[in-house]
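> This is what each chain is made of:
Number of protein chains: 2
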Amino acid sequence: MPELRHDPIQRRWVIIATERARRPSDFSIERELPGNGKQCPFCYGNEARTPPEIRAFRDIPSSDGPGWKVRVVSNKFPALRIEGEQERAAVGHYDRMNGIGAHEVIIETPQHDKDLPDLPIEDIAALMKMYRERIVDLQRDPRFRYIIIFRNHGAAAGASLAHPHSQVIATPVTPRTVAIELQSAREHFQVKERCIFCDIIVQEMQTHSRVVTADADYVTWCPYASRFPFEMAIAPRRHQHDFAAQDDAQLMKLARHLREVILRMRHALSDPPYNYLIHTAPAFHHHAKRPGYWQTIELDWHWHIEILPRLTKTAGFEWGTGFYINPTPPEDAARFLRDVQV
Amino acid sequence: MPELRHDPIQRRWVIIATERARRPSDFSIERELPGNGKQCPFCYGNEARTPPEIRAFRDIPSSDGPGWKVRVVSNKFPALRIEGEQERAAVGHYDRMNGIGAHEVIIETPQHDKDLPDLPIEDIAALMKMYRERIVDLQRDPRFRYIIIFRNHGAAAGASLAHPHSQVIATPVTPRTVAIELQSAREHFQVKERCIFCDIIVQEMQTHSRVVTADADYVTWCPYASRFPFEMAIAPRRHQHDFAAQDDAQLMKLARHLREVILRMRHALSDPPYNYLIHTAPAFHHHAKRPGYWQTIELDWHWHIEILPRLTKTAGFEWGTGFYINPTPPEDAARFLRDVQV
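Which chain is which? The protein sequence lines are U and P, in order.
No gaps in the numbering here: position 174 of the first sequence is 378 in the numbering used here, and each next residue is one more.
No gaps in the numbering here: position 127 of the second sequence is 331 in the numbering used here, and each next residue is one more.
Next comes chain U alone, as it looks inside the complex (with noise of 0.2 Å):
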């Protein structure tokens, strides 16, 4: 059973994954990435190389075998387990949980070499139904705090699979991340009685100088203080807390506006590997209504994605501060990527 940690002087949650022990000599082996076809658990006919299915997208029923579009299984090595109780232990100044909760792999297509803006636009609105059928189902277990989707793409950017594939993982905590976030929304509500995103976005469609593009529902921009070079946030323009309360309209319009965002930064960038997450509202908000503290959730929480560009490495001077250093200003970056043709 992987563990949770808490550093008493970071305050900050780690996952020790002691089921997956890496010994010294495990980290100098330069994996190559397995092609296509027969090598890679992914594609069509590997279907029992993974661990079972929990959910898939297919024409016919069916479950293990192929014709899925879009496939969802357990991470053959998950981070978190879903079996068991939550415990909660002292450890002498230290805490430690038991690593309770959910670690998914989303198999994005069939396809080992077609990436999400090369897909038909209903097969990438079919991945953002499975986005939001896995947020639903996952924040309805009473265990978990947070549930949190993204996808790594390129080795430079953790994937270990080159097959097109997102992630899931769903927390026993709140991440320190996400808590900032949440707490500098409602601080902000409390005062205004507005979300700080929307605020945001309105001054960044005043502004226009970082944004990369922007439709009736969705805009991209550069954040003003973005840590690395040619980061984008995508947000409805219109408030709205939770990523898994858009209708099939609007998951087909996000679609859309993400193809176009991301064909953007591959165009620009010569398909830079890139991470991207999806900041929802908290799970826990579902089945612990409580007064006060998560009451204003659905006012003051405006789900968004980031989208990193992983093009800089960090060094001592990032690890020991939490500050970046960002060599591109973010209005450079949104003129490149708005120039960019698509």
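Everything hinted at is true.
One copy or any two copies: either way a pair holds, since identical chains are not told apart in the list.
As a list, the in silico PhoX-like pairs of lysine-lysine whose alpha-carbon atoms are at most 25 Å apart: (1) Lys517 to Lys318; (2) Lys273 to Lys457; (3) Lys333 to Lys457.
Worth flagging that the hints you see were computed from the coordinates, not collected in a lab.
Could you slot chain P onto chain U? The hints should help.
Quick look at chain P alone, frame taken from chain U:
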């Protein structure tokens, strides 16, 4: 002039380095680290290729010529600029400061191919003295809130020159990571009238399973909630808040301890890329002894060095949550590092 920008949602400052602004094409070029001799700006005879000398240890006084043992220059591409008054401004919802600070390079040795643990112990002690001297000098400047010293080893850890060097950055705000640590230490002290680091060191020495090496003065252990495989922390065993408060005899002992720790890491992990960084007491404590808040810093803070081998890739989950997945339990890491022959 670089700019500091504040993210109102993540509550984090970012340095936007406008003067070395990088275009999309700049990121695709894989730079090769310059070799020994004529090409390297940090080798003897190439002193004119760096910005002017700030300080050096030399047997015969001179400036900007060969003959030095440790040499400090401004970073040629500084993240922050030393000249000017601090200016603060609002930009709509956002906050901006001009990028006042210091960014120095400490060239550790004239020998291009000798890494830190290959140097004679006296030379490592001289480097520690230079660290002390730069901290003492920079913390006199009332514009600076925090001074961080760090070292990037290997291209994967962000080093852009192979010649052994450390860096110093003085920031006009307290970095978020440091602010969280300061707050934890202060709150612990307020309740218990004990230093949180002293408490942790006592527990680590008693448990011993995470201790890598300890002598009468310093201890190195793998933190209970290590973010990264083989992460280590070094601290003085007796309470001391300020790295720069160490006398020459202490620095000689620290040099010996640090060399052993880096050798253990090098042997156990085949000379991995790594970062180390020093968390000393904040600079502003020296020029702004505010009542209340900073009164107890000499009692509640405890300087330490973090050593972070860079064996794993940071991916979407980590960027999106601040949560880390560590595949090597620190108890295993410490055992490997203890058992290796040095």
